[in-house]
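Participant: Each chain sits in its own coordinate frame; assemble them with the hints.
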Amino acid sequence: MEFLEQQLPRYVDGAWITLQLTVGGAALAFVLAMVVGVLGTTRFWWARAITTVYVETFRGIAALVVMFWFVFAFPDLTGFELDPIFAAILALGLNVGAYGAEVVRAAINAVPKAQVEATVALNFSWFQRVRLVVLPQAWAQMLPTFGNLIIELMKATAVVYLVGIVDLTSVAQQIRSATGETFLAFGVAFVLYYLLAQVLIFGMRLLERRANQKLGRAPAGGGLLSLLRPPTVGTQVGVAK
Amino acid sequence: MSPSDTPDNDLHQGVAGEDLIVFDQVVKRFGDLTVLDHLDFRVAPGERVTLIGPSGSGKTTILRLLMTLEKVTEGMVWVGGEPFSHMPRGSGFAPASESYLRARRKRLGMVFQQFNLFPNMTVRKNVTEAPVHVLGTPRDEANARAEELLELVGLGDKVDAHPTQLSGGQQQRVAIARSLAMQPEILLLDEVTSALDPELVAGVLDVLREVAETTDITMLCVTHEMSFARDVSHRVLMFDKGRIAEEGHPDQIFNDPQHERTQAFLKSVLENG
Numbered sequence: 001m002e003f004l005e006q007q008l009p010r011y012v013d014g015a016w017i018t019l020q021l022t023v024g025g026a027a028l029a030f031v032l033a034m035v036v037g038v039l040g041t042t043r044f045w046w047a048r049a050i051t052t053v054y055v056e057t058f059r060g061i062a063a064l065v066v067m068f069w070f071v072f073a074f075p076d077l078t079g080f081e082l083d084p085i086f087a088a089i090l091a092l093g094l095n096v097g098a099y100g101a102e103v104v105r106a107a108i109n110a111v112p113k114a115q116v117e118a119t120v121a122l123n124f125s126w127f128q129r130v131r132l133v134v135l136p137q138a139w140a141q142m143l144p145t146f147g148n149l150i151i152e153l154m155k156a157t158a159v160v161y162l163v164g165i166v167d168l169t170s171v172a173q174q175i176r177s178a179t180g181e182t183f184l185a186f187g188v189a190f191v192l193y194y195l196l197a198q199v200l201i202f203g204m205r206l207l208e209r210r211a212n213q214k215l216g217r218a219p220a221g222g223g224l225l226s227l228l229r230p231p232t233v234g235t236q237v238g239v240a241k
Numbered sequence: 001m002s003p004s005d006t007p008d009n010d011l012h013q014g015v016a017g018e019d020l021i022v023f024d025q026v027v028k029r030f031g032d033l034t035v036l037d038h039l040d041f042r043v044a045p046g047e048r049v050t051l052i053g054p055s056g057s058g059k060t061t062i063l064r065l066l067m068t069l070e071k072v073t074e075g076m077v078w079v080g081g082e083p084f085s086h087m088p089r090g091s092g093f094a095p096a097s098e099s100y101l102r103a104r105r106k107r108l109g110m111v112f113q114q115f116n117l118f119p120n121m122t123v124r125k126n127v128t129e130a131p132v133h134v135l136g137t138p139r140d141e142a143n144a145r146a147e148e149l150l151e152l153v154g155l156g157d158k159v160d161a162h163p164t165q166l167s168g169g170q171q172q173r174v175a176i177a178r179s180l181a182m183q184p185e186i187l188l189l190d191e192v193t194s195a196l197d198p199e200l201v202a203g204v205l206d207v208l209r210e211v212a213e214t215t216d217i218t219m220l221c222v223t224h225e226m227s228f229a230r231d232v233s234h235r236v237l238m239f240d241k242g243r244i245a246e247e248g249h250p251d252q253i254f255n256d257p258q259h260e261r262t263q264a265f266l267k268s269v270l271e272n273g
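Chains as they are written, first to last, in my numbering: chain A, 1 to 241; chain B, 1 to 273.
Extracted from the complex, chain B is given alone in its bound form (with noise of 0.2 Å):
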């Protein structure tokens, strides 16, 4: 499905049906700069799905897009059935407000290039606070459940750490769990290996394949680990200049790229990484 065959009605269809994420002819502008160029693109539940591309191509704004980190300058943005980008108002739409955005946001997560754990706060405090003042969660329970995700992400041990005295690998675990703390339906991963030491990135990303393995969290990741885009993603997107370049599955994309820009972006990162 190319998004430029597809007709206006049947995206609306689309909307009410089986799609998690749905953007719909979303441009992003900052200034002048446009870095999503009419971009059409849908996610269905429980996949995953990698985006790739060079930088400044649009990857991470669409991440923060759907985090609600950014506004969209046009078009919309659609999550499981409801409008995100805006809220309805009368017979159209209005841009979202923060209560209707707080109503709704709680389906995703997201973790962070550098990780951004809370420094007031221990390891425990930063994957229970959310639930618990969030969610309502009571607080032995999102106790409980934050010392299971820690035992999951290998850092069963540092419950009681200060975020400072971690590498950043295992920071980067704990905003792993602090993200699946939250139950999210969609966990967005932006670049989330990109500020770590080399020999660091293998455990953070052997944790993601293991939560891939084990959920069926629906998945957007940002990343340069083609390796990692090939086992755990049903899908690759190649961006290119706010739009999509090329997709496909990841054996294709990655054995037998057909658009001419994703060939040199693959052979400029397999040469450099």
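Excised from the complex, chain A in its bound form (with noise of 0.2 Å):
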């Protein structure tokens, strides 16, 4: 316990940073997933190009090298200096995001034909066919991947103490190197990181359900019980009465 009551306040200033870090990544990410994923579907040659450069290049290159180029490499070639943490949430969400971009891309064609045709009669423009049908419908299929995403995004926060960055982890080791205490040291972090993550996962869940409401998948309101994963074998989803 008076382990406890001397680290926690450190730990809790490394669980800060692991959070900034990772909802940075994850804005990032989202957003970067969600152009470059759209991108993908459209009939514009060129916007595919990027959109296969993009995933493929961050795709293939691991997270800690790109955010070693920036920490250490772009100043050396533009004289910037970027804020370490700066640099990590761009590494990690161009990383992310490469993932992102193909479950985007992998949602929205899941999306029926059928739809994308009555959005046609209907004389939609490109935009308002993806604002208005396609992307809403496709949100519900994105969210559990989102949420895997996010979970690994948050984890691999952890490689940011190989630029000096001050994260869970990072505290985690000056502590056990402090005190020997190895066990607790670790066992502490352990247990944040876990906790980050449940959070994490009960956010995500939420909007799952709320997803799955809009496209009468799920009834409405609903207590924890429907936090569960919706059933799907065996049961009639989406079938009218």
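Worth flagging that the hints you see were computed from the coordinates, not collected in a lab. Warning: the hint list may mix true and false statements.
Unchecked claim - These stretches of chain B come out as covered by chain A in the derived footprint (C-beta under 8 Å, 3 or more residues):
| # | segment |
| --- | --- |
| 1 | 58-71 |
| 2 | 98-111 |
What the hints assert, rightly or not - With a straight-line cut-off of 27 Å between C-alpha atoms, the simulated DSS-like cross-links for lysine-lysine are:
| # | chain 1 | residue 1 | chain 2 | residue 2 |
| --- | --- | --- | --- | --- |
| 3 | A | Lys-113 | A | Lys-214 |
| 4 | B | Lys-106 | B | Lys-125 |
| 5 | B | Lys-71 | B | Lys-241 |
| 6 | B | Lys-125 | B | Lys-158 |
| 7 | A | Lys-214 | B | Lys-125 |
| 8 | A | Lys-113 | B | Lys-71 |
| 9 | B | Lys-71 | B | Lys-106 |
| 10 | A | Lys-113 | B | Lys-125 |
| 11 | B | Lys-241 | B | Lys-267 |
| 12 | A | Lys-113 | B | Lys-106 |
| 13 | B | Lys-158 | A | Lys-214 |
We put the beta carbon where it would ideally sit given N, CA and C, even for glycine.
Facilitator: Written out as structure tokens, the structure is:
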């Protein structure tokens, strides 16, 4: 208990940095995933070329290397020093955004062709079609995978201690070497990562439930039980009564 | 007027003249499969035409070409005296661009076999989103019009329901209201009762009968409901292998079919339907 009393503020500071990196990286990844994912479904070859180059580049390079590049190579090249936290967010966002773009693209492609035909029959513009019909329907499909990605992103933030950012992992390392309490030092980090993940998962489940309700696949309201994954096999999903 | 004895110069008079829809030597191929084979036909404003024929004879393809869901392989489609499958370029024609089509496509509306309501919207939004965003109708006006139309199709009490809470027949009636909300000149009906349970068919057809009686919308209707075709249409076209095998007034086609393919087709429909 004494250990906790003494060290908890440092852990909280570290967890706060981890949370900032996660939220910042997720925000950047989300924007990139949406824009690049949608571009990947258009009929313009140059738009699909942008998607392909971005996805294959940042999916293929370790986020750690991208981060090193922003922290060490970028200042050499440009004379600008990036804030390490900003550089880390950039690296993580670019990396996870590449995975997210593929999720967005696949979800859009899974929207039935008949839905798109109905938008043509109503003379929607391309932008109206995407905004009013395709993305709202694809959204529910993206969310479970986005949930995976945000947890992966949160855990991937642990690499930032290599560029000197004092995140949760870094705090645990420092406390271990200072106190020699290996078991406790990492045990507390373990619990805090787990709690962070649970908060993120809970948020994603709420979003998912809301998305399914909007599509009429889940009843409105519903208590905690409705946060369980909805049944699919053996039930009639979206079938008219 | 049979297509074979329509000389070309006559056709161009027709294009500039009365006809709302003109198919001029239209060919549609999917790979090696020829679905429409040098098809000529015209539809006058306000005319209600039913397309019948065995599956694969090209009826639905005609509606999909008109709705610009497919492109012609050869030939041209004209709507309201303007080229529709193509656009003028220089002294000739080029395939129609999306912006060219967007300026003209609003003359047509389509109701699909599988309804294709938007599951991410309430019934109200299904009916109002296109008028608001595409035609620029003020939201209040679009709402009032949606309520009127839903009343017309007998679903005044379902305005705020979700499509998944409706039966197939109700969904199809919402889809009819949705396309009417765009005030099309031409309504394309693609086997609109084929996906419905038998007891739900009558409700949908009654709505369409009412639309036919109370408006002057031009209708092109692909259906297997022969009594409906007889009641509402001015003309029936019998398709076979991408061509019109026979056409005429519904009484003539149904009571006294001349072509052997029409006789065989009607016999099979009456036996199975």
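Participant: Can you list which hints this structure breaks, lowest number first?
Facilitator: none
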